[in-house]
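Residue numbers (our numbering), protein chains in the order written: chain A, 23 to 375; chain B, 23 to 375; chain C, 1449 to 1773; chain D, 1449 to 1773.
Honestly, I wouldn't trust all of these hints.
To list a few chain A residues with every Cβ distance to chain C over 10 Å, as calculated [as the list claims (entries may be wrong)]:
#	residue
1	V84
2	I346
3	E364
When the alpha-carbon atoms are kept at most 25 Å apart in a straight line, the in silico PhoX-like pairs for lysine-lysine are as follows [said to hold, decoys possible]:
#	chain 1	residue 1	chain 2	residue 2
4	D	K1762	C	K1691
5	A	K76	A	K340
6	C	K1487	A	K309
7	D	K1605	D	K1487
8	B	K329	B	K58
9	D	K1691	C	K1762
10	C	K1765	D	K1691
11	B	K76	B	K340
No lab work stands behind these hints, which were simulated from the structure alone. Glycine included, every Cβ here is placed at the ideal spot set by N, Cα and C.
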Amino acid sequence: MLTRERRATARAAAASPVGRPGGEAVLVPGDADLLKMLHFMKLTRALEYRIERKLYRQGKIVGGVYVGRGQEAISVGAAMHIRRGSGEEHDDIVSPSHRDMAVFLMQGVPPERILAQYMGRKTGLTRGRDGNMHMGDLRHRLIAFVSHLGDSIPVAAGCALTLRMRGTDQVSFCFFGEGATSRGDWHEGLNFAAVMRLPVVFICNNNQYAYSTHVSRQMRVERVSDRASGYGIPGETADGNDVLAVYDAVGRAVARARRGEGPALLEFVTFRMTGHSAHDDAGYVPKTLFEEWERKDPIRLFESELKSRRLVDALALKEMESGIESELDEVVAWAERQPYPEPEECLTGVYHE
Amino acid sequence: MLTRERRATARAAAASPVGRPGGEAVLVPGDADLLKMLHFMKLTRALEYRIERKLYRQGKIVGGVYVGRGQEAISVGAAMHIRRGSGEEHDDIVSPSHRDMAVFLMQGVPPERILAQYMGRKTGLTRGRDGNMHMGDLRHRLIAFVSHLGDSIPVAAGCALTLRMRGTDQVSFCFFGEGATSRGDWHEGLNFAAVMRLPVVFICNNNQYAYSTHVSRQMRVERVSDRASGYGIPGETADGNDVLAVYDAVGRAVARARRGEGPALLEFVTFRMTGHSAHDDAGYVPKTLFEEWERKDPIRLFESELKSRRLVDALALKEMESGIESELDEVVAWAERQPYPEPEECLTGVYHE
Amino acid sequence: MALTTYVEAIRQGIWEEMERDQRVFILGEDVGVYGGAFKVTEGMLERFGDLRVIDTPISESAIVGAAIGAALLGMRPIAEMQFIDFISCAFDQITNFAAKNRYRWGAGVPIVIRGPSGGGVHGGPYHSQNPEMYFVHTPGLKVVAPATAYDAKGLIKAAIRDEDPVIYLEHKYLYRRIKEELPKEDYVVPIGTAAVRREGRDLAILTYGAMLYHALEAAETLAREGGIQAEVVDLRSLLPLDKDTILGAAKKTGKVLVVHEDTRTGGIAGEIAAIINEEVFEYLDGPVLRVTAPDTPVPYSPPLEEFFLPNKEKILKAARQLAAY
Amino acid sequence: MALTTYVEAIRQGIWEEMERDQRVFILGEDVGVYGGAFKVTEGMLERFGDLRVIDTPISESAIVGAAIGAALLGMRPIAEMQFIDFISCAFDQITNFAAKNRYRWGAGVPIVIRGPSGGGVHGGPYHSQNPEMYFVHTPGLKVVAPATAYDAKGLIKAAIRDEDPVIYLEHKYLYRRIKEELPKEDYVVPIGTAAVRREGRDLAILTYGAMLYHALEAAETLAREGGIQAEVVDLRSLLPLDKDTILGAAKKTGKVLVVHEDTRTGGIAGEIAAIINEEVFEYLDGPVLRVTAPDTPVPYSPPLEEFFLPNKEKILKAARQLAAY
Ligand SMILES: Cc1ncc(C[n+]2csc(CCOP(=O)(O)OP(=O)(O)O)c2C)c(N)n1
Ligand SMILES: Cc1ncc(C[n+]2csc(CCOP(=O)(O)OP(=O)(O)O)c2C)c(N)n1
Ligand SMILES: [Mg+2]
Ligand SMILES: [Mg+2]
C-alpha cells in the first residue's frame, strides 16, 4: 500500500507544478498541464462511475454516495493551482467539498484508499471512522469535510491566517456548493477572511441545486459572485464546464492571494448531472436541463479543444481511458481485499494518546 | 400603574399615525409629527441620562447600562413609521436592539416601567428576570432583544413570514448595530427574508464602533448597505443624525414592504457618544471624533431645523424640557418605590402553566 | 387492518394537525418539492401550498429563528432538521431564544423542532447523532423520543399542540422497520408520560428510542433463560421525565438499569441515577447501572458502529450482573 | 509577597505561554486594543503585536473555526468568548469540527476556548451561564473550571499545551475576589486531576468553580456546629473527571453531596451519581445528593438570582440531611 501511495503522490506531483515556491503563478497551461487536466477529469469520472454505478449498486459501499459528475472541470482546473510536493512550508492547504474527488486524486491520494474509505475499510483515509468524501490527510494537505455545510469556510480562513502569520506566499483553497453560501458560517468565514485580508481562494461550484432546492430558492441574487461585494472582495463568475476558464480564473485569484492582496470569491456555473446522492433519482429536475447540460459535458468539450489543438486524437483518448480502466480494475480489487477495522478500534483515538 | 400605562400608550398613539391600515405611508411629516419626533428624542435622551448618569452612578441600576446617546434620530425617525394602536391585525411588529430606547417609548411602554426593568423590580417589563433593554411586550408589539447579537434577525424574518402568510400589509421592523452584521444569523436572516420576499425592514445604526472595535475591523466594505447587494435587496445609507433623513428612508422602505416588494437594508451613519456601556470610558476612541460628532448632535440639529421652520422657539423648547424633567422626577420616584420580585418567583414561568 | 409505519405515523400526525389548525406549518430544507429527505412531508406541498410547506435555504439557524418569530405572532411552526445532527447549527436560537423567552418576558414559543436521529444505518459521525442531552439540560425546552408508531403520532400531535418549544427526535432506524395498527380517531400521547412496555419484578430496564427493542428482546431472554422478570419502561419523554413511573419501577424492583444509545458521559442515565438516589435510595438492592454507547463519535464502518451501539447482548450482560447483585 | 488575583493568574498564564511558544496566539472580540472585556489580555497587543492578539468581528463561529484551521496547521490558538454565554454561537464548530476531528482522521485540534462563566454579578440570563455540560457530553473535548488563582494559571497553561480542544471556564465572580501567592517558577495543573481542599471522614462534598467557597464555608460550619467533618473536593477538571479522587472520597466517607452552580437536570451531579453507583455502590451509607441551581434561566434581579444560586445555607441543609441519614 505504501508503494501505491508513493506512486500516486509522485504522479500527482510529477506534471509541471503550476507555480514554484515563491515564484509567480503560470497562467497559461503547457501541454503537459493540459493532458494532466484531461487525465484527472477522466480518472475522476471513471472512479466515481465505479463507486456510484457499480459498487454502490452491488451493495459494497457502506453509506451514501455523492458524486461530482459533470463538475469535474472545477475541481481539476482549480487543483492545478494547488502547490504541492515541496514540503509543509511551501505547499498550499485545501478544504475540498463533498463533490471534489479530483482534488483528492490530484493531491496524491491513491484511488484505492478512497475506495477503501467508501467501503468502510481499515485502509480508508479515516480507517472506517467516517465515510465517502469525509476524509482528510495533512500529509496531502487536505482537510476533511464535515457534513455541516459551511463549517469549512472559517476553518479555511484560519489556515490562511496561519499562512499570513508565517509570512509565506502559501494559499488556502476552499471549495463549496452554492447551497452552502446560505449558512451563517459561510458569511462569518468570508467576512473574517476579508477583514483580515487572508490568502484564501473561495471556490463555489454552482451546480444550481442543493439537494432538491433550486438556486433561486437559495438566494435572490443572480450570481453567487454577487455576494462578494458584501465583503469588499473581488467576485467572479465563469463557466464551470470549461476547465480552461476555471484554470484561468483560479490562477488569477491564487496569484493575487500569494501577493498578499487577500481573498476572492469565484463562482463556476455548472450542473449536477446526477441526483443529490446515489439514492436520489432527481425527479424534481426538468429532463430538458439534463439534456442541455449533457451537451456541455466538460470532458467532451475539453477533448474537442485538445483535439483541435492536436494534443490528442481518438487513439490517444482510447489509450488514456483503457489505462484508467485497467488501473481501476486493480484498485477495486485491492480495495475489496482490504480488511474492516477491528470492532475495538471504535474506542481509540478520541484524544491524543 | 395601569393608569400610567394607558396614558403612555395613548400618548404614543395620539400623534398622527403615519399610515392608516391598508393605506399609503405618508412620507412628509406634518407639524404634529415633527413635534412628536422632537419630544421623543428629548425624552429618550433625558431618560437615558437619568439612567446612565444618575441612577447608575448612585448604584440603583442592577446590571449594565447601554445607551443610545447621539443616536436618537434613528430610533425615533424609524419608529414614526411603526403602525400601532389599531390592534393585532393592523399593527406592525418590532425587534429593537439594545440602543433603541425611543422605540419602546414610542410603542407606548411607560418610562417608569423601563426604569423598573433597569432596577430589577417586579414591575419592570420582565418582572426582574432580565435587565436593561432586554425587554418585550407583545401588547406593545415589541419583541425582546437577546444579548446574542444577530439572533433577532431570523426572528424578525419569521414575524414577517407570518404577516405574509396572513396577507396583510403589516411590516416587521428589525434594528441592530453594524457589529451585529458579522454574525452568521444576520446573514441567514437577511437571506431568508430576501428569498421569501418578506415584509421586513432592516435598520442598522452604524455608530462606527462595536464595543472597542472600529467598523473597519468589522467589515471590509465602505458601507453596511453594500451588503444588501449580496442578498438581491435594496440597500441605502443615510445620515443617522438627521431625523428627517431617517424618516424619509424608512418611510420609503416601509411603503415598499407594505406593497409586498420585500425587504430592504437601511444604514444610518451615526456615532456612539458614550462608551460601550456605562462602565467603559471609551479611551480607545479618538477625542476628536467625539468633538466632531458633538457638533452633529441630532437633537440640536433638529431643533435648529424646527426653529427655522418656526415650529418651536427657545421658550417652547424650555417648556418641553421642563415638562419632560418633571415627568421623569415622578417616574424615578415611582420606580424607586417598586418592590423587588419575591425570591420564589425565580421558579415560575419557565413553561406554560 | 392496515399497518402504519413509524415514519408514516409522523406524517399522519403532522398532516392531521395541519388540517385541524391553520396555524400549523412546516419549514425546512427540501420539505416541499421533495417531500423531505425521509419523505415525512410527502404530498404536503400539494395539499397545503407553499406558504405552509416551505422549502428554505440551508440555514438551520434561520429556520429555527423564523419559526420562533412566527410562533410569537401566533403560529405553530414545525421546523425540520434534515438530519438532527444539523440542529447544532441552530443551537443558539434554540437554547437562548426559544427556551428562555417565556421565562424572560412571558411570551411563549410553541414550536416543534424535529428530525431524524440515531444510528444503526451506517450514517457515520454526522448522520447518526443523539443530541437529546444538549436540550434536556436546557430549562424551557421539552424533549420527546418516540419508539412506536402509536407514540410517534401521538407525540408529534402533543408537541404541535404544546405551548412550549419541543424537540421531537425521530429515530431513523425505526422509520420503516416499525409498524402497527393505529386508532382511527384523534389521540395524543401526553408529553411527560413514560410507558411500561413489559411488567417485571426483578429489575427494571429504563430506555427509549430504538433501544427499546433491544431491551425487550433482552427481557424475553432473561425470562426464558434465567427466570428473571424484567420490567421495561419506555421513557418516551426525556424532558420532563416521568418521575412517577421511573421511581415506581425503581421501588418495585429495587434494581435499575438504564439503557441509552447516546454516549455515556453526561447521558440521561446519570440524571436518572441521581433522581433515584435522591428519592428512593432506600429501596435500592443494587446500584443503578447503565448500558450506553461509549464516549466516541458515531463511527461509520459496520464493525465499529456495531461495537458502538448498545444491543441485546450488552444489555443482557449488565442485567444479569444486576440481577445477581 | 504579592498576591495574584484569579484574573491576573489567567493573564499571566497566557502571557508566559505566548512568551514560551511562538505558536500560541489569541483571538476574540475586543481582546486587542481594549485588552478584553475583563482585561484578561491587557497589554498583550503591545507586547505581541496584532498578528498574535487579534481583534475579530463579532463572529463566534468564525473565531472558533479560524482557531481550528490554525491549529490544524500547527498553531496553538486561544479563542476568547467575550462572555461564555456566546459560546452557543460556536457550538457547531466546537462539537462537530473540533471535537470529532482527531477521531475521524487523526488530525488533532489543540485549541483553547475560554471565557467568563457563572453568575452572582447580576448579569441576567445571557451573562451568567454555566455551559459546561454541553461540552462534557461531547466526546473529544476537555473541560476545566478552576476555582483558585493557582489553578487558574496552572490549568490555562495545561490547556494551551494540551493536544486536544479544551474548554476553559473562568468564573467571573472569582476574577478579582480571589487572590493568592503564586510560585515564581513555571508550573501546570494537569487536566483530569481533582484537588482535595479539606479532609473529612463523615461525608464528601464534590464541587467546582465559585461553589467551592460556599462548600468550604459550609464544611467549617458543619465541623464547628455539629462535629461533622466534611471532605471537600474541588473537581477542577470536568472532562475527564478524576474518578480516582471521586471514588476515593466516596469510599472514605460513604456519603456524597455534589454541589454545582449549573442547573439541575442533566448537570454533572447526575454523571457523578452514576459513576459512584456503578463503581462503589457497596460503600454508600446514603444516597448521592445534589445541591444545584434550579431548572430555570439565570434571573437578573438580586432576590431572584440569590434564590437561584446554591449557597452555604442550601449546602448545609443537604449536608445535615445526608450526615443524619
Ligand atoms: C448544515 C447542513 N444542513 C443540511 C445538510 C444536508 N445536505 C447535505 S448536502 C446538501 C445540499 C448541498 O447543496 P450545495 O451546497 O449546493 O452543494 P452540492 O451538493 O450541490 O454540491 C444538504 C442540504 C448539511 N450537510 N449541512
Ligand atoms: C454573539 C455576541 N457576541 C458578543 C456580544 C458582546 N457584545 C455586546 S454589544 C457588542 C458590540 C455591539 O456592536 P454593534 O452591533 O455595532 O452595536 P452597538 O453596541 O454599537 O449599538 C458586543 C461585542 C454579544 N452581545 N453577542
Ligand atoms: Mg449545489
Ligand atoms: Mg456599533
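* Asked: Does A:K340 lie within 25 Å of A:K76 when you go C-alpha to C-alpha?
  -> holds (21 Å)
* 10 Å cut-off, C-beta based - A:I346 kept clear of every residue in chain C -> holds (27 Å)
* Take the C-alpha atoms of C:K1487 and A:K309, compute the straight-line distance between them, and say whether it is at most 25 Å. => Given that 25 Å is the threshold and the Cα spacing comes to 22 Å, the pair holds.
* **Given as non-interface: A:V84, partner chain C, CB spacing beyond 10 Å** => violated (5 Å)
* Asked: Are the Cα atoms of B:K329 and B:K58 separated by 25 Å or less?
  -> holds (15 Å)
* Verify the proposed pairing of B:K76 with B:K340, using a straight-line Cα cut of 25 Å. => The hint holds at about 21 Å.
* To do: For the pair we were handed, D:K1762 and C:K1691, check the Cα-Cα distance against 25 Å.
  => Judged against 25 Å, a Cα distance of about 23 Å means the pair holds.
* Is it true that the CA of D:K1691 sits at most 25 Å from the CA of C:K1762? -> Holds, because 23 Å separates the two Cα atoms, which is no more than 25 Å.
* Asked: D:K1605 and D:K1487: Cα distance at most 25 Å?
  -> holds (18 Å)
* Do the alpha carbons of C:K1765 and D:K1691 lie within 25 Å of each other, as the hint requires? -> It holds: about 23 Å lies between the C-alpha atoms, which stays within 25 Å.
* Interface-negative label, A:E364 against chain C, beta-carbon threshold 10 Å -> violated (7 Å)
When held up to the earlier numbered hints, the structure conflicts with 1, 3 and fits the remainder.
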